[in-house]
Every structure is written in C-alpha cells, then in structure tokens.
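Position 19 of the sequence shown, counting from 1, maps to 106 under my numbering, and the rest follow consecutively.
Hints may be right or wrong, so weigh each one.
[What the hints assert, rightly or not] The following label-pair restraints were derived from C-beta to C-beta distances:
#1 133 - 94: 17 to 25 Å
#2 110 - 156: 14 to 22 Å
#3 120 - 163: 15 to 23 Å
#4 166 - 89: 16 to 24 Å
#5 101 - 167: 27 to 35 Å
#6 125 - 158: 20 to 28 Å
#7 168 - 133: 12 to 20 Å
#8 122 - 101: 31 to 39 Å
#9 106 - 168: 31 to 39 Å
#10 104 - 124: 29 to 37 Å
#11 103 - 166: 28 to 36 Å
#12 103 - 167: 34 to 42 Å
Honestly, the hints are just simulated from the structure, not real lab data. Keep in mind the model is a prediction, meaning the values are calculated, not measured. Note that the Cβ used here is the ideal one computed from N, Cα and C, for glycine as well.
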Amino acid sequence: VVGNYWPPQYVIMDGDTLKSLKVVSTRGMTVDGEYHPEPRVASIVSSFIKPEWVINIKETGQILLVDYSDIKNLKTTTIESAKFLHDGGWD
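Full structure from sequences and hints, please.
If you want it as structure tokens, here you go:
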C-alpha cells in the first residue's frame with residue numbers, strides 16, 4: 088500500500104508486480120464537518136497482529152483502520168482525531 092499527497096488517495100498494489108489492485112480516494116469530510124478536496128496521506132503503519140493498516144489522513148483529522156483481508160471488500164473503521172495529523176499521528 089502507498090499513500091499519496093497528490094492525487095489524494097492510497098493505492099493497494101500487488102507486491103510482486105506493483106500492479107494497482109485498488110485505488111481509494113481520501114477526499115471527504117473533516118472532523119469539523121467541512122469538505123476537504125485534497126487531504127493527504129500522512130502515514131501508513133501495518134499491524135503486527137492482523138491484516139490491517141493504520142492510515143492517517145493529514146487534513147481531515149481521521150485515522151483509518153483498513154482491514155485488507157478481502158481486497159475487493161475493504162472494511163474501514165474511522166477514528167476521529169486532531170486535524171492536521173503529522174507523520175505517525177501517535178500524539
């Protein structure tokens with residue numbers, strides 16, 4: 088998985104070929120309820136205990152827990168946090 092500043096998205100790729108398997112936009116609402124057209128991916132951290140990525144979306148104040156056990160049907164849990172998360176978001 089890679090996260091982008093532009094375009095605002097993260098991309099899940101095949102590890103052997105780097106072929107894109109799924110592209111997910113990060114455009115959406117902030118924790119304040121305002122639309123943000125180009126929120127950047129601040130960081131991506133992989134879980135050691137389950138097939139899950141922790142993806143911090145910089146300008147929205149959202150932390151995404153993305154279960155990638157079924158790439159075609161991703162399960163995403165959103166946790167609200169402080170706006171403008173920096174790399175890691177572990178504050």
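Cross-check of the supplied hints:
1. 133 - 94: 17 to 25 Å: With Cβ atoms ~23 Å apart, the hint holds.
2. 110 - 156: 14 to 22 Å: holds (19 Å)
3. 120 - 163: 15 to 23 Å: holds (19 Å)
4. 166 - 89: 16 to 24 Å: Check passed, 21 Å falls within 16 to 24 Å.
5. 101 - 167: 27 to 35 Å: holds (32 Å)
6. 125 - 158: 20 to 28 Å: holds (25 Å)
7. 168 - 133: 12 to 20 Å: Since the Cβ atoms of residue 168 and residue 133 sit about 19 Å apart, the hinted range of 12 to 20 Å holds.
8. 122 - 101: 31 to 39 Å: Given a distance of about 32 Å, which is inside 31 to 39 Å, the answer is holds.
9. 106 - 168: 31 to 39 Å: 32 Å Cβ-Cβ, so the 31 to 39 Å window holds.
10. 104 - 124: 29 to 37 Å: holds (31 Å)
11. 103 - 166: 28 to 36 Å: Given range 28 to 36 Å: holds, Cβ gap about 32 Å.
12. 103 - 167: 34 to 42 Å: holds (36 Å)
Of the numbered hints stated above, none is contradicted by the structure.
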